[in-house]
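K.L.:
Assemble the complex: chain D is given as a structure, and chain W must be docked to it using the hints.
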Amino acid sequence: MSGSGEGGAREEILARMRRALSDAGEAPEAPREYRRALDPQTDVVAMLIDRLLDYKANVHHGVEAIAEALDGEARVVVPADLPREWRIGGAEFIPDGPFATDAYLSTEDLDGMDAVLTGCAAAVAVSGTIMLDAGAAQGRRAITLVPDRHVVVLKREQIVGHLAEALPRLDPRAPQTWISGPSATSDIELQRVEGVHGPRRLDVVLLED
Amino acid sequence: MSARKRGTAVPTSAAPASAVVPAASLIPADAPFPKAAKVALGMPQLRKNLAHATGTIRAKRAKVAGELDDWEHLRDSAAAIKADVQHRLPELAIEFERNAIAAGATVHWARDGAEANRIAVRIVREAGAEEVVKVKSMATQEIELNEYFEAQGLRAFETDLAELIVQLAEDRPSHILVPAIHYNRTEIRDIFDQRMGDAPAGLTDDPAALAEAARLHLRRRFLSAKVAVSGANFAVAETGSLVVVESEGNGRMCLTMPETLISIVGIEKLLPRFEDLEVFMQLLPRSSTGERMNPYTSVWTGSREGDGPRDVHVILLDNGRTRVLEDEVGRQALSCIRCSACLNVCPVYERTGGHAYGHVYPGPIGAILAPQLEPGRHDDLPYASSLCGACYEVCPVKIDIPEVLVHLRQQGPHAAGEQAAMGAAKAVMARPRLWRTALRAARLGSLPWRRKGFVRRLPWPGSRWTVSRDLPVPPKEDFRSWWKERQR
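First to last, the protein sequences are chains D and W.
For the first sequence, numbering that gives the first Met the number 0 assigns the number 0 to the initial residue and increments by one for each residue that follows.
For the second sequence, numbering that gives the first Met the number 0 assigns the number 0 to the initial residue and increments by one for each residue that follows.
Incorrect hints may have been included.
Below, computed lysine to aspartate or glutamate pairings styled on DMTMM-like, alpha-carbon distance capped at 20 Å [unchecked claim]:
#: 1; chain 1: W; residue 1: Lys62; chain 2: D; residue 2: Glu84
#: 2; chain 1: W; residue 1: Lys47; chain 2: W; residue 2: Glu258
#: 3; chain 1: D; residue 1: Lys154; chain 2: D; residue 2: Asp42
#: 4; chain 1: W; residue 1: Lys483; chain 2: W; residue 2: Asp469
#: 5; chain 1: W; residue 1: Lys62; chain 2: D; residue 2: Asp53
#: 6; chain 1: W; residue 1: Lys225; chain 2: W; residue 2: Asp306
#: 7; chain 1: D; residue 1: Lys55; chain 2: D; residue 2: Asp208
#: 8; chain 1: W; residue 1: Lys37; chain 2: W; residue 2: Asp469
#: 9; chain 1: W; residue 1: Lys62; chain 2: D; residue 2: Asp49
#: 10; chain 1: W; residue 1: Lys225; chain 2: W; residue 2: Glu125
#: 11; chain 1: W; residue 1: Lys34; chain 2: W; residue 2: Asp469
#: 12; chain 1: W; residue 1: Lys225; chain 2: D; residue 2: Glu84
#: 13; chain 1: W; residue 1: Lys47; chain 2: W; residue 2: Glu349
#: 14; chain 1: D; residue 1: Lys55; chain 2: W; residue 2: Glu237
#: 15; chain 1: W; residue 1: Lys225; chain 2: D; residue 2: Glu107
#: 16; chain 1: W; residue 1: Lys225; chain 2: W; residue 2: Glu258
#: 17; chain 1: W; residue 1: Lys59; chain 2: W; residue 2: Glu258
#: 18; chain 1: W; residue 1: Lys59; chain 2: D; residue 2: Glu207
#: 19; chain 1: W; residue 1: Lys225; chain 2: W; residue 2: Glu274
#: 20; chain 1: D; residue 1: Lys55; chain 2: D; residue 2: Asp38
#: 21; chain 1: W; residue 1: Lys59; chain 2: D; residue 2: Glu188
#: 22; chain 1: W; residue 1: Lys225; chain 2: W; residue 2: Glu349
#: 23; chain 1: D; residue 1: Lys154; chain 2: D; residue 2: Glu84
#: 24; chain 1: D; residue 1: Lys55; chain 2: D; residue 2: Asp147
#: 25; chain 1: D; residue 1: Lys55; chain 2: W; residue 2: Glu211
#: 26; chain 1: W; residue 1: Lys62; chain 2: W; residue 2: Glu392
#: 27; chain 1: W; residue 1: Lys37; chain 2: W; residue 2: Asp379
#: 28; chain 1: W; residue 1: Lys59; chain 2: W; residue 2: Glu71
#: 29; chain 1: W; residue 1: Lys59; chain 2: W; residue 2: Glu392
#: 30; chain 1: W; residue 1: Lys225; chain 2: D; residue 2: Asp108
#: 31; chain 1: W; residue 1: Lys47; chain 2: D; residue 2: Glu188
#: 32; chain 1: D; residue 1: Lys154; chain 2: D; residue 2: Asp108
#: 33; chain 1: D; residue 1: Lys154; chain 2: D; residue 2: Glu107
#: 34; chain 1: W; residue 1: Lys34; chain 2: W; residue 2: Asp379
#: 35; chain 1: W; residue 1: Lys225; chain 2: W; residue 2: Glu130
#: 36; chain 1: W; residue 1: Lys59; chain 2: D; residue 2: Glu193
#: 37; chain 1: W; residue 1: Lys37; chain 2: W; residue 2: Glu327
#: 38; chain 1: W; residue 1: Lys225; chain 2: W; residue 2: Asp310
#: 39; chain 1: W; residue 1: Lys59; chain 2: D; residue 2: Asp49
Everything labelled a hint here was simulated from the structure, so no lab data went into it.
Isolated chain D, as found in the complex (with noise of 0.2 Å):
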């Protein structure tokens, strides 16, 4: 569907263009000699955790750390096809999905989670960034932006050095959510403060193996 019509706003703003554009001719062809990839020597698993720490983000390693990070919280949320065996621990998992048994959970709901608990589609280690793609294991956006407390787990072979090495990982149509750090903001006197209205705790545990 299409509200393009309005007075001929389209057809006037594209002839505006063809117009400012008739003696442009053609823009040479841009070139790419940045960096796709980091040196084949780093080690991008301890430059995602170097990375991870100085944005204040915790760093847990294992699948039995899972319990340790989510730090004695009660309720988390996790997306209905969260794998069985990364909910240990003592916190009561309730499931947020699009099957019949496991139905959206209202705002409301979803405000009373004290902590979230999915997995993501891929980490980029020079910039130390986790991204979400709406694909297995992370669910709907809301669900790891209302409760105060995200949780992730993040497999070594999700792990790229650079961004560029991370985008074809990603369903560039799904909803995607970029993650560095907790919420923050640089907006008083331009240094930044943590905690502002997204997770203010962020909790990432890798799996090496």
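P.N.:
Quick look at chain W alone, frame taken from chain D:
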């Protein structure tokens, strides 16, 4: 009231409980730049805040840009991709529209700000809402959407921390990235205390406490909002996706929780391919907040069942951009990704702040964008620069701002007096004997100032020049006589 006296009315940290005085109310919005700048220069707290904030961000940017050994290659690619976008704008706009519609979005086109505002209000009414939450957006500042909404009986709530500060203070933004850059933490505490309504008792000026106050203030509004309004940092033609880059999570809240989403996107925001983000998402966060990556980036394509807004609208905005496109030299201003690096390094911006520019886009980029977007209204802005070139050096998309400044100075109007003076100079310089005589006269005439080295004040009409500049005294010996002597 003199400028200096007005300046002292600004709250300072020494007087923490003083009433909020919006900085923009002290600096005349419609005054020419030199006049407005003079007022701003007389506000010591404002200058202190700006020097502190721009100094902090300059150091951070330099550090993280320096980490990438291919920074110059990235700039070259970004500049070329943007030039390609400008050359193929009609084709890319149509491609974006087709893909966004296929993904379930409704795409509107707006010739100007008024048309975009009308479309937005209609969508809000159709959604049965009376208020919207807003993601920080320069496009909506540019078209004065908040003011239009208010006139139509609707309310628009800013949710970015700096925008919230500016809105509560009833001030105007003074920086592209951090609209409240002209306030320090104590002033922000006072604004929250006096204007927020639900500020926690005993609020301190600790930035973390201020961020917490904003979180509490906006939480209910986010969770209950029916409609959100956003801009976009990038619009990907190949997929019909929009991208919003942010820090706080207010963007994610607005883009995810409401049923209806309206995104107002300047046509120059297009990128050909999703893959192009690998260039721009390295350059933008490092150039703007000086971070390796901003905390949150959202990418969405139309609507998706069960995930985020169902009713997704995109308003493609012209509002003068196609006119900028006509100018072969000036059109590079459309490459701007609104990072603010040029503001932070500009010696003029650092001293005057953003309000003096009298336009939503201040600083070096504003000085080339404002006069092109609104011809005839900001002809003084291309002169608000020393042409030092620092802006060009930091620009992540390599806009040659000094080149465009000089180009616009040449195109802009020149006062009759200036034209007459230049005409006379041309006539004299074209006649060697006359020129020699003139030089001799200048040397003799400036003898009383020889020791000082410059003339502080000339009589009228020369005073028009010396009001903001010193006039250097001609040297004892000019080139011609030096050369003549040497040839002997």
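K.L.:
Hints first: check each against the structure and report whether it holds.
P.N.:
Now the hints, each set against the structure:
1. About 42 Å separates the Cα atoms of W:Lys62 and D:Glu84, which puts this hinted pair outside 20 Å; it is violated.
2. Taking the CA atoms of W:Lys47 and W:Glu258, the gap is near 43 Å; set against the 20 Å cutoff, the hint is violated.
3. At most 20 Å may separate the alpha-carbon atoms for a hinted pair to count; D:Lys154 and D:Asp42 meet this at roughly 15 Å.
4. Note on W:Lys483 and W:Asp469: the hinted pairing is violated, with a Cα-Cα distance of about 30 Å set against a maximum of 20 Å.
5. Between W:Lys62 and D:Asp53 the alpha-carbon distance is near 14 Å, which keeps this suggested pair within the 20 Å criterion.
6. Straight-line distance between C-alpha atoms of W:Lys225 and W:Asp306 comes to about 15 Å, which keeps the hinted pair within the 20 Å bound.
7. Only pairs whose Cα atoms come within 20 Å are accepted, and D:Lys55 paired with D:Asp208 is rejected, the gap being roughly 25 Å.
8. For the suggested pair W:Lys37 and W:Asp469, the alpha carbons sit about 17 Å apart, so the restraint of at most 20 Å is met.
9. Annotation: proposed proximity of W:Lys62 to D:Asp49 holds, straight-line Cα distance about 16 Å (limit 20 Å).
10. Pair hint W:Lys225 plus W:Glu125 holds up; C-alpha atoms about 11 Å apart against a cutoff of 20 Å.
11. Taking the CA atoms of W:Lys34 and W:Asp469, the gap is about 18 Å. The hint holds against a cut of 20 Å.
12. Only pairs whose Cα atoms come within 20 Å are accepted, and W:Lys225 paired with D:Glu84 is rejected, the gap being roughly 37 Å.
13. Among the hinted pairs, W:Lys47 with W:Glu349 is consistent with the structure: their alpha-carbon atoms are about 9 Å apart, no more than 20 Å.
14. Only pairs whose Cα atoms come within 20 Å are accepted, and D:Lys55 paired with W:Glu237 is rejected, the gap being roughly 36 Å.
15. Annotation: proposed proximity of W:Lys225 to D:Glu107 holds, straight-line Cα distance about 15 Å (limit 20 Å).
16. For the hint pairing W:Lys225 with W:Glu258, the CA-to-CA distance comes to about 5 Å; that is within 20 Å, so the pair holds.
17. For the suggested pair W:Lys59 and W:Glu258, the alpha carbons sit about 38 Å apart, so the restraint of at most 20 Å is broken.
18. Of the supplied pair hints, the one linking W:Lys59 and D:Glu207 is violated, its CA atoms being roughly 33 Å apart against a limit of 20 Å.
19. A distance of roughly 33 Å separates the Cα atoms of W:Lys225 and W:Glu274; the hinted pair therefore is violated under the 20 Å criterion.
20. At most 20 Å may separate the alpha-carbon atoms for a hinted pair to count; D:Lys55 and D:Asp38 exceed this at roughly 26 Å.
21. Restraint check for W:Lys59 and D:Glu188: the C-alpha separation of about 13 Å stays at or below 20 Å, so the hint holds.
22. Simply put, W:Lys225 and W:Glu349 have alpha-carbon atoms about 40 Å apart, too far for the 20 Å limit, and the pair is violated.
23. For the proposed pair D:Lys154 and D:Glu84, the alpha carbon gap of about 14 Å is at most 20 Å, so the pair holds.
24. The hinted pair formed by D:Lys55 and D:Asp147 meets the criterion: a straight-line CA distance of about 15 Å does not exceed 20 Å.
25. For the hint linking D:Lys55 to W:Glu211, the alpha-carbon distance of about 17 Å falls within 20 Å, and the restraint holds.
26. For the given pair, W:Lys62 sits about 15 Å from W:Glu392 by alpha-carbon distance, which is consistent with the 20 Å threshold.
27. Only pairs whose Cα atoms come within 20 Å are accepted, and W:Lys37 paired with W:Asp379 is accepted, the gap being roughly 14 Å.
28. In summary, the hint linking W:Lys59 to W:Glu71 is supported, as the alpha carbons are separated by about 18 Å, within the 20 Å threshold.
29. A hinted pair counts as satisfied when its Cα atoms are at most 20 Å apart, and W:Lys59 with W:Glu392 qualifies at roughly 16 Å.
30. The suggested pairing of W:Lys225 with D:Asp108 holds, with an alpha-carbon distance near 18 Å, which does not exceed 20 Å.
31. This hinted pair checks out: W:Lys47 and D:Glu188 have alpha carbons roughly 11 Å apart, not beyond 20 Å.
32. A distance of roughly 29 Å separates the Cα atoms of D:Lys154 and D:Asp108; the hinted pair therefore is violated under the 20 Å criterion.
33. Restraint check for D:Lys154 and D:Glu107: the C-alpha separation of about 32 Å exceeds 20 Å, so the hint is violated.
34. For the hint linking W:Lys34 to W:Asp379, the alpha-carbon distance of about 11 Å falls within 20 Å, and the restraint holds.
35. At roughly 8 Å between alpha-carbon atoms, W:Lys225 and W:Glu130 fall within 20 Å of each other, so this suggested pair holds.
36. The hinted pair formed by W:Lys59 and D:Glu193 meets the criterion: a straight-line CA distance of about 17 Å does not exceed 20 Å.
37. Restraint check for W:Lys37 and W:Glu327: the C-alpha separation of about 34 Å exceeds 20 Å, so the hint is violated.
38. As the CA atoms of W:Lys225 and W:Asp310 are separated by approximately 11 Å, the hinted pair is consistent with the 20 Å bound.
39. Using a Cα cut-off of 20 Å, the hinted pair W:Lys59 and D:Asp49 holds, with the two alpha carbons roughly 18 Å apart.
The structure does not agree with the numbered hints 1, 2, 4, 7, 12, 14, 17, 18, 19, 20, 22, 32, 33 and 37 stated previously, though it agrees with the rest.
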